[in-house]
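> Residues per chain, in single letters:
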Amino acid sequence: MRRPAPHTRPPSIAAWLVSLFGSADQAESILGDLDEEFSEIASKSAAVSARGWYWRQSLKTIAQLAGAGVRNAPWPLAGLVLAGFLLQWFSTGLPERVIVAILRTQRPYSNLHYDFYISFLTYGFPIAGDIQSILLGCLVAAFARQREVIATTALSFFGIASIGLLFFGASGHGSRFAYSWPFPIMQLINQLAIVLGGVIVREIRLALRKGCHEHDFNWTDK
Amino acid sequence: MALSICGPDSTRVFLVPGLPCLTQVNFLYIVEVMSNRDYLGEFEHIVLLAVLRLDDQAYGVTVRREIEVRTKREVSIGAIYATLDRLEAKGYVQSRPGDPTPERGGRSKRFFRVTAPGVSAIHRTHRAIRSLAEGLDLLGSRL
Numbered sequence: 001m002r003r004p005a006p007h008t009r010p011p012s013i014a015a016w017l018v019s020l021f022g023s024a025d026q027a028e029s030i031l032g033d034l035d036e037e038f039s040e041i042a043s044k045s046a047a048v049s050a051r052g053w054y055w056r057q058s059l060k061t062i063a064q065l066a067g068a069g070v071r072n073a074p075w076p077l078a079g080l081v082l083a084g085f086l087l088q089w090f091s092t093g094l095p096e097r098v099i100v101a102i103l104r105t106q107r108p109y110s111n112l113h114y115d116f117y118i119s120f121l122t123y124g125f126p127i128a129g130d131i132q133s134i135l136l137g138c139l140v141a142a143f144a145r146q147r148e149v150i151a152t153t154a155l156s157f158f159g160i161a162s163i164g165l166l167f168f169g170a171s172g173h174g175s176r177f178a179y180s181w182p183f184p185i186m187q188l189i190n191q192l193a194i195v196l197g198g199v200i201v202r203e204i205r206l207a208l209r210k211g212c213h214e215h216d217f218n219w220t221d222k
Numbered sequence: 001m002a003l004s005i006c007g008p009d010s011t012r013v014f015l016v017p018g019l020p021c022l023t024q025v026n027f028l029y030i031v032e033v034m035s036n037r038d039y040l041g042e043f044e045h046i047v048l049l050a051v052l053r054l055d056d057q058a059y060g061v062t063v064r065r066e067i068e069v070r071t072k073r074e075v076s077i078g079a080i081y082a083t084l085d086r087l088e089a090k091g092y093v094q095s096r097p098g099d100p101t102p103e104r105g106g107r108s109k110r111f112f113r114v115t116a117p118g119v120s121a122i123h124r125t126h127r128a129i130r131s132l133a134e135g136l137d138l139l140g141s142r143l
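Residue numbers (my numbering), protein chains in the order written: chain A, 1 to 222; chain B, 1 to 143.
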């Protein structure tokens with residue numbers, strides 16, 4: 001079978017985003033329906049309008065799936081988000097403490113590796129913060145079966161809202177904290193890293209599920 | 001049939017001309033009874049009717065088109081599936097997987113059919129709406 005040109009294929013990013021928010025079975029049938037309608041629209045009109053239709057449908061579908069995911073289990077999701085937020089709150093500064101502890105054992109400032117010491121302090125803290133957020137996202141997603149991305153996105157929104165309140169609250173009081181712009185940007189990246197953790201767990205689960213299905217198929221085939 | 005609602009001092013808070021008034025207690029009783037019977041929401045009602053009309057050809061694409069053609073209302077695939085999943089959880093529809101096709105990127109369809117409790121829910125909702133609308137001059141009233 002001839003493979004269609006890239007511009008007549010559905011946008012893969014939109015399809016991937018849809019697959020993140022529904023259950024695996026839901027995603028299978030929804031993406032199939034979207035593909036079917038996309039090929040019909042693409043055969044009748046310009047590829048650009050078909051891709052535009054696909055994107056619009058995908059975004060509306062993601063909003064519906066996320067809303068349904070929250071409505072179907074509001075309390076477990078709220079509990080998970082709260083637990084994640086508290087865990088994030090209590091583990092604030094943990095990566096920094098670990099980095100400082102490692103540096104103390106090595107004593108790099110007392111020898112020729114002083115530049116390494118400075119760059120490690122400069123870049124190590126934000127990178128460690130991002131890794132911590134990814135791990136937190138993975139942990140939250142591990143407890144949110146089929147709703148990994150919804151749970152981590154909700155936690156991320158919760159975090160962004162609290163950072164916003166903290167930052168603008170501080171700027172209202174003329175605090176010096178308000179002028180430290182890298183802080184909210186770093187925190188924003190941390191919140192996005194939480195969603196990334198959710199996406200990683202979701203993708204691993206989908207891959208495992210796919211692997212199991214293929215294994216079952218091969219087994220029944222023999 | 002009473003459809004106007006009276007306030008505690010018998011003032012009419014929701015008035016339909018020519019109809020006797022309904023006390024708040026009676027109104028709350030009706031709401032309570034209706035909520036216990038699990039009536040269909042507006043979109044649930046529309047989706048169930050579309051599935052019923054399509055018979056054994058009801059899947060996401062056909063249900064969406066049927067609703068768009070009949071109601072002139074644009075709906076997303078996600079809204080259809082969110083509603084169908086909710087209806088399936090309530091036992092009003094059943095789904096079965098179809099065969100994968102090339103135009104669907106090798107993905108299978110999911111066909112739906114309305115169950116007996118689903119048909120009962122449609123009848124119940126129709127009866128409630130008919131009974132509420134009975135005697136109302138919808139064109140002439142302030143509604």
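Keep in mind that a hint or two might mislead.
Said to hold, decoys possible - SDA-like mimics (lysine to any residue), calculated; alpha carbons at most 25 Å apart, straight line:
hint, chain 1, residue 1, chain 2, residue 2
1, B, K72, B, F111
2, A, K210, A, K44
3, A, K60, B, I129
4, A, K210, B, P100
5, A, K44, B, I129
6, B, K72, B, G135
7, B, K90, A, P76
8, A, K210, B, E103
Don't read these hints as lab results, they were simulated from the structure.
In this text, all values refer to a predicted model and were calculated from it rather than measured experimentally.
> Against the earlier hints, flag every one the structure doesn't satisfy and list their numbers going up.
When the structure is compared with the hints, numbers 2, 3, 5 and 6 turn out to be violated.
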